[in-house]
Amino acid sequence: MKRMSPEAKVGLLVLAGLLLLVYMSFKVGKIGFGPGGGYTVSLELDNAVGLSKDGEVLVAGIPVGRVEEIRLRNGRALVVLRLRGDVELPIDSTGNVRTQGVLGEKYVEIQPGTSRQALEEGSVLPAGPPPGDLDRLVTNLNEAAADIQRVTGRLANVLGTQEGEDSFRDLLEGLRDTAVSLREVVAENREALKASLDTVAALSGDLRDLVARNRANIDESLERVRDLTETLAEHTPGIARNLEALTGDLALVVSESREDFQVGVANLRVASAELAQTLGSLNRAEGTLGKLIHDDSLHRDLDAALGDVRDVLGRLERGEGTLGKLLTDDTAYSELSESLGSLRSIADKIDRGEGTLGRLVNEESVHHNLNQTLEGITDFVAGTNRFQFELGYSGEYLAKLGEGKHTFGLEIRPRPDRFYYVGLVDDPRGDEETKVTERVISDEGGTRTVREEETVTRDRFKFSAQVGKRFSLLTVRGGILESSGGVGADLDLLSDRLRLTFEAFDFARDEGPPHLKLAARWTVLKHLFVTAGLDDFIDNKGRADYFVGGGIRFLDDDIKYLLSPAASAAR
247 MKRMSPEAKV
257 GLLVLAGLLL
267 LVYMSFKVGK
277 IGFGPGGGYT
287 VSLELDNAVG
297 LSKDGEVLVA
307 GIPVGRVEEI
317 RLRNGRALVV
327 LRLRGDVELP
337 IDSTGNVRTQ
347 GVLGEKYVEI
357 QPGTSRQALE
367 EGSVLPAGPP
377 PGDLDRLVTN
387 LNEAAADIQR
397 VTGRLANVLG
407 TQEGEDSFRD
417 LLEGLRDTAV
427 SLREVVAENR
437 EALKASLDTV
447 AALSGDLRDL
457 VARNRANIDE
467 SLERVRDLTE
477 TLAEHTPGIA
487 RNLEALTGDL
497 ALVVSESRED
507 FQVGVANLRV
517 ASAELAQTLG
527 SLNRAEGTLG
537 KLIHDDSLHR
547 DLDAALGDVR
557 DVLGRLERGE
567 GTLGKLLTDD
577 TAYSELSESL
587 GSLRSIADKI
597 DRGEGTLGRL
607 VNEESVHHNL
617 NQTLEGITDF
627 VAGTNRFQFE
637 LGYSGEYLAK
647 LGEGKHTFGL
657 EIRPRPDRFY
667 YVGLVDDPRG
677 DEETKVTERV
687 ISDEGGTRTV
697 REEETVTRDR
707 FKFSAQVGKR
717 FSLLTVRGGI
727 LESSGGVGAD
737 LDLLSDRLRL
747 TFEAFDFARD
757 EGPPHLKLAA
767 RWTVLKHLFV
777 TAGLDDFIDN
787 KGRADYFVGG
797 GIRFLDDDIK
807 YLLSPAASAA
817 R
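Read left to right, the sequence shown gives residues 247 to 817 (the numbering used here).
Derived by calculation from the structure, the hints in this document are not laboratory data.
Errors might be hidden in some of the hints.
Unchecked claim - Quick list of simulated restraints, FRET-style, between CB atoms:
#: 1; residue 1: Tyr285; residue 2: Ala754; range: 54 to 64 Å
#: 2; residue 1: Arg743; residue 2: Val668; range: 40 to 50 Å
#: 3; residue 1: Pro358; residue 2: Gly553; range: 56 to 66 Å
#: 4; residue 1: Arg317; residue 2: Pro375; range: 22 to 32 Å
#: 5; residue 1: Pro376; residue 2: Asp338; range: 10 to 20 Å
#: 6; residue 1: Glu684; residue 2: Trp768; range: 45 to 55 Å
#: 7; residue 1: Ile485; residue 2: Ala550; range: 40 to 50 Å
#: 8; residue 1: Glu334; residue 2: Trp768; range: 32 to 42 Å
#: 9; residue 1: Pro375; residue 2: Glu334; range: 16 to 26 Å
#: 10; residue 1: Asp444; residue 2: Leu474; range: 34 to 44 Å
#: 11; residue 1: Asp292; residue 2: Gln395; range: 29 to 39 Å
#: 12; residue 1: Pro375; residue 2: Asp423; range: 53 to 63 Å
#: 13; residue 1: Arg598; residue 2: Asp338; range: 50 to 60 Å
This structure is a prediction, so every number in the text was calculated from the model and none was measured.
Idealized CB from N, CA, C, for every residue including glycine.
The whole structure should be built from the sequences, with the hints applied where relevant.
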């Protein structure tokens with residue numbers, strides 16, 4: 247076997263670097279791969295549109311598992327979820343399909359229940375409340391439009407008739423008369439009102455001076471009252487007992503009037519209890535009288551309240567504020583009349599179907615166009631969510647040639663059973679071409695023709711562009727394979743972990759039969775695979791070879807995780 251060339255060594259070094267980068271990306275992005283452990287539960291849904299295999303399962307926004315399988319059972323979607331073994335959820339939990347943003351991808355969200363019993367292997371979750379979507383938005387808009395139409399219709403019935411207009415005019419006239427009367431009352435009693443305020447201000451000033459001069463006496467009196475109430479509260483139970491004994495003696499003396507005395511004693515007992523409660527409340531500063539005795543802020547509050555009243559009356563007299571302008575400004579009525587007139591004009595335009603709002607309320611075509619627009623938006627969003635992307639790299643070491651063949655490809659799946667593939671191939675063999683050169687040489691021996699043949703390798707880099715469709719386990723594809731027309735077939739077995747591939751292309755090459763290739767690919771982990779096979783195995787020009795290799799592939803979620811650290815580093 248030939249020694250490994252520098253190009254092959256560089257290729258292996260690049261592959262090792264890519265594997266290291268993928269491993270670090272898995273650690274940073276927390277990408278889970280491999281069948282793993284955990285346990286599986288099922289979720290029954292009425293509709294699983296947009297949800298794909300290997301989709302995320304979230305609880306409270308935290309990934310806890312993946313979608314393992316989606317199948318149809320009894321007319322409903324049965325989604326098999328694989329959850330991590332360390333995740334314990336109540337058995338009465340529910341789940342549903344959610345969307346990340348308007349154009350985001352679908353994922354399964356589980357709402358934990360309250361049961362103490364945990365989910366087990368094979369448990370079935372019921373569907374939770376359905377998520378909001380554009381169809382529900384359209385329904386709400388329809389209901390809102392109907393409500394607006396009913397309101398405007400009733401408004402037109404009230405204000406559009408002569409009776410409604412007369413009632414509205416009477417209301418405005420009543421408001422105007424009330425405002426005029428109030429302004430006249432204030433004008434007629436302005437001096438008396440001002441004198442009353444001055445008297446209240448003088449009274450509050452005298453009261454404040456009186457309290458200031460006799461602060462010590464008042465404090466001493468309040469202290470004596472407080473001591474008295476404490477003494478009364480302390481001796482009230484004894485007094486009540488003495489009174490009860492006295493009433494017993496009186497009952498013996500006045501046996502002839504027993505009933506009357508019993509009623510009087512009962513009333514006296516109730517009065518004594520209420521007196522004890524009242525004295526206790528006074529001692530605890532409860533109630534108005536208790537606060538009056540203990541709280542020194544009463545005077546300040548009363549003075550502040552009188553100051554506020556005086557300020558309000560002054561603002562009214564100066565015509566400040568809404569009420570002041572209403573009392574002093576004659577333009578308030580005219581502005582109110584103009585505003586009501588504008589409102590009546592707007593209602594008339596809506597009733598006649600003028601303007602955008604009027605057309606929305608009265609014309610059925612506007613409602614129909616709005617529904618069509620929203621349906622188009624819904625179809626566009628649903629179509630965008632169906633696209634799936636897969637980016638991959640594979641390397642093959644050609645044993646006889648002793649060099650490596652590298653392929654980078656992108657697969658686009660608009661539907662699960664259809665895909666488009668584009669790729670770039672670095673083929674060390676390229677396309678061989680034999681150039682024949684003839685030269686005429688003249689020397690001492692005479693003139694002769696020398697024929698020289700030279701094999702030239704060209705087109706080392708090739709490209710592929712294919713379209714394919716899957717039928718159960720078999721996938722057929724065709725198009726351009728390594729810069730020439732060709733076809734291919736793939737057979738997927740063991741839950742798509744084993745793929746057997748046959749390709750035929752380059753049917754019109756100058757020397758030899760078409761290029762045929764057989765390969766087997768085994769998916770070791772979720773993102774990594776190994777491959778082996780025979781390349782150009784029916785060629786009779788010495789180009790037949792066998793190969794071994796491996797590769798890596800990324801799905802939509804993986805590409806996002808890989809690009810996120812790169813975007814953060816670029817910023």
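Hints versus structure:
Taking the beta carbon of each, Tyr285 and Ala754 are about 56 Å apart, inside 54 to 64 Å as hinted. At about 25 Å, the beta-carbon gap between Arg743 and Val668 misses the expected band of 40 to 50 Å. Between Pro358 and Gly553 the C-beta distance comes to about 59 Å, which sits within the given range of 56 to 66 Å. A hinted range of 22 to 32 Å for the beta carbons of Arg317 and Pro375 is consistent with their spacing of about 24 Å.
Taking the beta carbon of each, Pro376 and Asp338 are about 18 Å apart, inside 10 to 20 Å as hinted. Distance hint check for Glu684 and Trp768: the Cβ-Cβ separation is about 52 Å, which falls inside the suggested range of 45 to 55 Å. With their beta carbons about 42 Å apart, Ile485 and Ala550 fall inside the hinted range of 40 to 50 Å. Take Glu334 and Trp768: their Cβ atoms lie about 35 Å apart, and the range 32 to 42 Å holds.
For Pro375 paired with Glu334, a C-beta distance near 23 Å keeps the hint of 16 to 26 Å intact. Taking 34 to 44 Å as the suggested C-beta distance range, the pair Asp444 and Leu474 conforms, at roughly 39 Å. The hint said 29 to 39 Å for the Cβ distance between Asp292 and Gln395, and at roughly 33 Å that hint holds. The beta-carbon spacing between Pro375 and Asp423, approximately 57 Å, falls within the hinted interval of 53 to 63 Å.
Checked against the given bound of 50 to 60 Å, the beta carbons of Arg598 and Asp338, roughly 57 Å apart, stay inside it.
In this structure, the one hint that does not hold is number 2.
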